Amino acid sequence: MATESAETADGGLVFHPMDQFIVKPLFGHGEVGMFTITNVTLWLFLAIVAVVLMMVVGTSKRAIVPSRSQSVAELAYGFVYKMVEDVTGKDGLKYFPYIMTLFMFIVFANFLGLIPMSFTTTSHFAVTVVLALSVFLTVTVLGFVKNGAGFLSLFWVSSAPLALRPVLALIELISYFVRPVSHSIRLAGNVMAGHAVIKVFAGFAAIAAISPLSVVAITAMYGLEILVSFIQAYVFTILTCVYLKDALHPHH
Amino acid sequence: MATETHGAEAASTCVDAGGSAVGMPQLCGDWIGNQVFWLVITLVVIYFVLARIALPRIAAVLAERQGTITNDIAAAEDLKRKAEEAEAAYDKALADARAEAQTIAQKARDDIKADLDVAMEKADAEIAAKAAESEKAIAEIRDSALANVEVVAKDTAGAIVAALGASADDAKIAAAVDAQLKG
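Heads up: the protein sequence lines correspond to chains A and B, in order.
The working numbering numbers the first residue of the first sequence as 495 and each following residue consecutively.
The working numbering numbers the first residue of the second sequence as 55 and each following residue consecutively.
Next comes chain A alone, as it looks inside the complex:
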């Protein structure tokens, strides 16, 4: 957007809040092709490293009395395990590794994105849409495989009056197909907005009179972003569990 650009006359304020989301090659300045190693690649790789450090290296001692890192890994394990068990029931535990993968990836991508100068992979719709679509497709396929045509009873609210059911079915159907959209935009939108707001506050720091306020605002936003990072990962995961429950038990 033109207004973001620096060259507006007054005060020399420079706002480039969206520049942090630019994908660029890590080496050289060429085009970004499909297999180019970019900053996306780097931060996705760091997410893998973080997951491995916490879940594999941290638990390598297999201690009965856990060390600090091991107890954090166990905490994450227990957190997601209990979530899957509580929401989807015992038969959902088969899918626990997939849900754990989603949770660990999102949580680490979000928190790595909070490192200054980093690139936040989960702020891109391309990333969250892939996550949400994979959940949506898996759940839909799983629903039909497990329940056959009975999966459609998800849309047929048998507890409602008969006259209302077609209307409700239409609403349920629409809401079902909106799921991947809301599922993905919720995550990317939250992360992106927070990061952009921090950048805008940072732009104001150029004015000496406002800069203390700006620093306070950035700090406050950063605290909020830490919350958002975890909560959005949690929300994404628990919604995945809810959708999975619908696929396994479509009857209301």
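If you are wondering where the hints come from, they were derived from the structure by calculation, not from laboratory data.
Everything hinted at is true.
Here are a few chain A residues that face chain B, going by a calculated C-beta distance under 10 angstroms:
| no. | residue |
| --- | --- |
| 1 | Lys518 |
| 2 | Val526 |
| 3 | Leu538 |
| 4 | Ala570 |
| 5 | Ser617 |
Treat the numbers as computed from the prediction; the structure is a model and nothing was measured.
Note that beta-carbon positions come from the ideal geometry of N, C-alpha and C, so glycine has one too.
Dock chain B against the given chain A, drawing on the hints supplied.
Positioned in the frame of chain A, the structure of chain B alone reads:
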């Protein structure tokens, strides 16, 4: 929107000549393929790391810990039960000992009583025998005393008669004394 300049530096339609983002980078189609490709690889790697290594390991650790806790609690219960058993055995032994002591004491008492009875009987019998013997001896003594009195009386009477200057034969004196004794 900014003019879509394709500067020499701009590698994409989403970045302007100054290297700033044009619009939302999130909506730039040029980068989607790259992101999706690396994301899928990342997810697959994380999935295998978790499913093959991390999750089974943590599950094993948790199960082992649960097992250890269960075992420890079971062992503690066992020990407690043993302690209770030992206490019960001790109490029982104490009660037994007390009962035995009582029976022994009772038996001792009975024995002593029996011995005592026997001894008393024997003593009674002896006393009775002794009494009978004594009585007999007394009777004998009395008889002999009576006889002696007769002899003494006859002697004395003879002596008195002699002293009075008269003489009398023994037969006469004896008959007189006998007559006197018979009253």
